[in-house]
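2 protein chains.
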Amino acid sequence: MAGLSIFGIQGLPEIEPGTDLAAAIYAAANETGTPLASGDVLVITSKIVSKAENRIVMLEDVQVSPFARQYGERWEKDPAIVELVLQESKRVVRQVGPIFITETRHGFICANAGIDQSSSGGHGRALLLPVDPDASCARIRTSLKERGLDVAVIMSDTFGRPWREAQTDIAIGIAGMQPVTSYIGQVDPHGHEFRVQALCTADEIAGAAELVKGNLSRVPAAVVRGLTWERDETGTMQSIIRDSERDVFR
Amino acid sequence: MAGLSIFGIQGLPEIEPGTDLAAAIYAAANETGTPLASGDVLVITSKIVSKAENRIVMLEDVQVSPFARQYGERWEKDPAIVELVLQESKRVVRQVGPIFITETRHGFICANAGIDQSSSGGHGRALLLPVDPDASCARIRTSLKERGLDVAVIMSDTFGRPWREAQTDIAIGIAGMQPVTSYIGQVDPHGHEFRVQALCTADEIAGAAELVKGNLSRVPAAVVRGLTWERDETGTMQSIIRDSERDVFR
Numbered sequence: 031m032a033g034l035s036i037f038g039i040q041g042l043p044e045i046e047p048g049t050d051l052a053a054a055i056y057a058a059a060n061e062t063g064t065p066l067a068s069g070d071v072l073v074i075t076s077k078i079v080s081k082a083e084n085r086i087v088m089l090e091d092v093q094v095s096p097f098a099r100q101y102g103e104r105w106e107k108d109p110a111i112v113e114l115v116l117q118e119s120k121r122v123v124r125q126v127g128p129i130f131i132t133e134t135r136h137g138f139i140c141a142n143a144g145i146d147q148s149s150s151g152g153h154g155r156a157l158l159l160p161v162d163p164d165a166s167c168a169r170i171r172t173s174l175k176e177r178g179l180d181v182a183v184i185m186s187d188t189f190g191r192p193w194r195e196a197q198t199d200i201a202i203g204i205a206g207m208q209p210v211t212s213y214i215g216q217v218d219p220h221g222h223e224f225r226v227q228a229l230c231t232a233d234e235i236a237g238a239a240e241l242v243k244g245n246l247s248r249v250p251a252a253v254v255r256g257l258t259w260e261r262d263e264t265g266t267m268q269s270i271i272r273d274s275e276r277d278v279f280r
Numbered sequence: 031m032a033g034l035s036i037f038g039i040q041g042l043p044e045i046e047p048g049t050d051l052a053a054a055i056y057a058a059a060n061e062t063g064t065p066l067a068s069g070d071v072l073v074i075t076s077k078i079v080s081k082a083e084n085r086i087v088m089l090e091d092v093q094v095s096p097f098a099r100q101y102g103e104r105w106e107k108d109p110a111i112v113e114l115v116l117q118e119s120k121r122v123v124r125q126v127g128p129i130f131i132t133e134t135r136h137g138f139i140c141a142n143a144g145i146d147q148s149s150s151g152g153h154g155r156a157l158l159l160p161v162d163p164d165a166s167c168a169r170i171r172t173s174l175k176e177r178g179l180d181v182a183v184i185m186s187d188t189f190g191r192p193w194r195e196a197q198t199d200i201a202i203g204i205a206g207m208q209p210v211t212s213y214i215g216q217v218d219p220h221g222h223e224f225r226v227q228a229l230c231t232a233d234e235i236a237g238a239a240e241l242v243k244g245n246l247s248r249v250p251a252a253v254v255r256g257l258t259w260e261r262d263e264t265g266t267m268q269s270i271i272r273d274s275e276r277d278v279f280r
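Residue numbers (our numbering), protein chains in the order written: chain D, 31 to 280; chain V, 31 to 280.
These are computed hints drawn from the structure, not numbers from a lab.
Heads up, a few of these hints could be off.
Note that identical chains are pooled: a pair holds if it fits in a single copy or bridges any two copies.
Said to hold, decoys possible - List time: in silico DMTMM-like cross-link candidates among lysine to aspartate or glutamate, alpha-carbon distance up to 25 Å:
| no. | residue 1 | residue 2 |
| --- | --- | --- |
| 1 | K120 | D164 |
| 2 | K120 | D277 |
| 3 | K107 | D273 |
| 4 | K175 | D50 |
| 5 | K175 | E260 |
| 6 | K107 | E275 |
| 7 | K107 | D277 |
| 8 | K175 | E46 |
All chains, full assembly: derive it from the sequences and hints.
Put into C-alpha cells, the structure is as follows:
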C-alpha cells in the first residue's frame with residue numbers, strides 16, 4: 031500500500047440538533063483549504079452525530095428506577111445516568127463496583143453504554159449514542175455523493191478494553207466499505223497460511239484518525255487519504271460484532 | 031494537531047538472526063528515498079525483531095509435556111506449539127476448545143502467547159515474541175540516535191480482542207515516549223471533565239502503521255510523521271498492562 035495522509039477538518043461550527051453534518055463538513059473542509067476528495071475515508075466522532083440527531087437527554091426528565099437510584103447512590107454515579115445506561119442496553123456484561131459495562135442495543139460492549147456527559151452542552155445533560163450509526167454514516171456518504179464525492183464514512187467512539195489501561199478510538203458505524211480486511215486462505219512467501227486471518231481495518235482507521243482529532247481539540251472529523259478501499263455499500267459494523275456463542279469473554 | 035503522514039519502509043532485506051535492525055531500517059529508508067527524520071515514530075512488526083533476536087524454535091526440539099500432547103491432539107493443534115505457549119505464559123486466561131488465551135511473561139493477554147508459525151521460515155519452526163520488547167525498541171532508538179536521529183520506536187503485533195471479530199495491530203514495545211496520553215483533570219469547553227481520561231496513543235499508532243504495512247506485503251516497518259510526542263526515556267508498555275486487581279475480565 032502507498033502512504034497515507036491523515037488530517038483533521040478544521041473550522042466546524044458547534045453542532046446543534048438538526049445540523050446537516052455532511053453539508054457542514056463539506057463546507058468546513060473547503061473553507062479551510064483541505065477539501066474532501068473521492069477515495070478519502072471520512073472519520074467522524076460519534077458525539078457530533080449524536081448532537082446533530084438530537085440524542086441529547088435532560089437528566090431531570092429521566093424516570094429513575096429504584097435499582098438505578100440505589101446503584102447510583104451506592105457508587106456515587108448519577109442515578110439518571112445509570113437509568114439511561116440500562117435503557118440503552120440489552121444486557122449488563124459486568125457490574126463491579128462503579129464499573130458498569132453493558133452490551134448496547136447495537137451490540138457494542140462498553141462502559142456506560144457509550145453515554146457521554148462531556149461536551150454535551152453542559153451539566154444536567156447527557157449524549158446518547160446514535161440510534162443506528164451505520165445508517166448515520168450512510169446518510170452522510172449519500173449526501174457527499176450528491177456533491178460528487180465518493181467517500182467512505184466511519185463513525186468513531188472512544189472505548190476502553192479489557193487487560194490494557196487507557197482507551198482507544200474504534201469504529202461504531204461505517205458506510206461504503208467493509209470494516210474487515212480478510213486474509214483467509216492467503217499464504218505467506220513460504221506457503222504457510224497466515225496466523226492473521228482478518229484485520230479490523232475500520233478500527234485501525236478510527237484510531238489513526240484520533241491521532242489528529244485528539245479528544246481535547248475541537249476537531250470532531252478527520253480524513254484518511256491514500257488508503258486503498260473497496261467500495262461496498264453492504265458494509266456495516268454488524269459483521270464485526272461477535273456472536274456470544276463464539277465469544278469466550280461473555 | 032497537524033496532519034500526519036504514514037508510509038512503509040520499502041526494500042528491507044529478509045531479516046536473519048543477528049541482523050542489525052536499526053542499520054537495516056536506516057539503510058532501506060535512505061535507499062528507497064524515504065529517509066527517517068527526527069520526530070518520526072518508527073513502528074516495527076514484532077516478527078522481524080523476533081527473527082533478528084533469534085527467537086526461532088525448531089518444533090522437533092521441543093520437549094512436549096503430557097498435557098500439551100493431550101490437549102494438542104484433542105484440538106488438532108501442534109503439541110509442540112501448545113508446549114511453547116505454556117512455556118511463554120504466566121497464566122492461562124481462557125482455554126475453550128481450541129481457543130487458548132494466555133497471559134505472556136510480559137503481561138500481554140493474547141491467543142497462543144503471540145507465537146507465530148507464519149513467515150517464520152517455513153514449517154517446523156515457530157517464532158516467539160521478543161523477550162523484552164521495550165528493551166528491543168530502546169536498542170533501536172539508541173542505535174538511530176547514534177546516526178543523529180531522534181525517533182520514537184514502537185513494536186507492534188496483531189492481537190484479537192473480546193467481543194469484536196477480526197484483529198488489530200497494537201503496541202507491545204515502546205521507546206522514547208510514553209504509550210498513554212492523559213487528559214486527567216482537563217475539562218471541555220463547557221467546564222465538564224472529560225469522560226475520556228487517557229488514550230493509548232501507542233496502540234493507535236501501531237494500528238495506523240498496519241494500514242500501510244499490511245500483513246501480506248513484506249513491509250514490516252512503517253513511519254508515522256507529523257505526530258507531536260514528548261520525549262520520555264522512561265516510557266514502557268508496562269504502564270498500560272492493567273493489574274488483575276483492577277481488571278474485571280480476568
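Verification of the hints:
no., hint, verdict
1, K120 <-> D164, "within (18 Å within a copy, 40 Å between copies)"
2, K120 <-> D277, "both (16 Å within a copy, 22 Å between copies)"
3, K107 <-> D273, "between (30 Å within a copy, 24 Å between copies)"
4, K175 <-> D50, "within (14 Å within a copy, 49 Å between copies)"
5, K175 <-> E260, "within (16 Å within a copy, 40 Å between copies)"
6, K107 <-> E275, "between (32 Å within a copy, 21 Å between copies)"
7, K107 <-> D277, "between (29 Å within a copy, 20 Å between copies)"
8, K175 <-> E46, "within (23 Å within a copy, 49 Å between copies)"
Hint compliance for this structure: every hint is met.
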